[in-house]
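Given chain A, put chain B in place with the hints provided.
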Amino acid sequence: QQQVKQSPQSLIVQKGGISIINCAYENTAFDYFPWYQQFPGKGPALLIAIRPDVSEKKEGRFTISFNKSAKQFSLHIMDSQPGDSATYFCAAGEVCPDMRFGAGTRLTVKP
Amino acid sequence: EAQVTQNPRYLITVTGKKLTVTCSQNMNHEYMSWYRQDPGLGLRQIYYSMNVEVTDKGDVPEGYKVSRKEKRNFPLILESPSPNQTSLYFCASSSKQGIDEKLFFGSGTQLSVL
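These protein sequences, in sequence, are chains A and B. Following my numbering, the residues of the first sequence are numbered contiguously, the last one being 100. Following my numbering, the residues of the second sequence are numbered contiguously, the last one being 885.
In isolation and in its complexed conformation, chain A is listed as follows:
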């Protein structure tokens, strides 16, 4: 039973376009929502994270939007670049080591 549901499974975007990945969670006790980026042959690395006291967080071209009432959050990648091609995982939890991850989205940005 997946506690964090992520969609889409795969995404193809043209260079310069906007990539959007969505996640939904069930446990209302979750209060930390990070996104991780994984390149082939590497472990995931933290990209950006949000706590439920804000509805949006932006870091460069990456933005998290958070909707507490709907229990949903999403990652927006503006001006997507070929170097952004990777697998993205959303996660949710109360305490950092006890995090639940989504199934992942494989993003391909075409030049």
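Rather than coming from a laboratory, the hints here were simulated on the basis of the structure. Nothing here was measured: the structure is a model prediction, and the numbers come from that model. Ideal Cβ positions, reconstructed from N, Cα and C, are used throughout, including at glycine. Keep in mind that the hints are not guaranteed to be accurate.
Said to hold, decoys possible - Quick partial rundown of chain A residues pointing at chain B, CB under 7 Å, derived from the structure:
#1 29
#2 32
#3 87
#4 90
#5 91
#6 92
Just chain B now, with coordinates in the frame of chain A:
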């Protein structure tokens, strides 16, 4: 360099032959955890540890054991591996810093059980 080191990187074994995947971190982190990554299922937590001698089950602990005798090490033990444990395994560590908590992942161990 701050890192989480897993060994081995690749491992092929046979059903029933006990194995250990080692994990070590050099960041003095309190928290450590193990995940397995499978296509379509993402990262699923196997076990986690909040401190030395403190371990808890994650979502898929069956068939695995862990120990945390030292702060820096968190080995994953498969007493009797089975083919359904063929997967990509990641160890991670973290320390609560400010308001952002961050998992540092190792490079992974690709395990094949024949």
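Evaluated hints:
1. At about 11 Å, the closest approach between the beta carbon of residue 29 of chain A and any beta carbon in chain B exceeds 7 Å, and the interface hint on this residue is violated.
2. Below 7 Å, beta-carbon pairs count as interface contacts, and residue 32 of chain A has one with chain B at about 3 Å; its hint therefore holds.
3. Given hint, residue 87 of chain A at the interface with chain B, holds; its Cβ is 6 Å from that chain's nearest Cβ, closer than 7 Å.
4. Annotation: residue 90 of chain A was flagged as interfacial toward chain B, and the flag holds, the nearest CB pair being 4 Å apart, inside 7 Å.
5. Interface hint status for residue 91 of chain A: upheld, as the beta-carbon distance to the closest one in chain B is roughly 5 Å, under 7 Å.
6. Hint status for residue 92 of chain A relative to chain B: holds, with the closest Cβ pair at about 4 Å, below 7 Å.
This entry does not satisfy hint 1, going by the numbered hints stated previously; all others are met.
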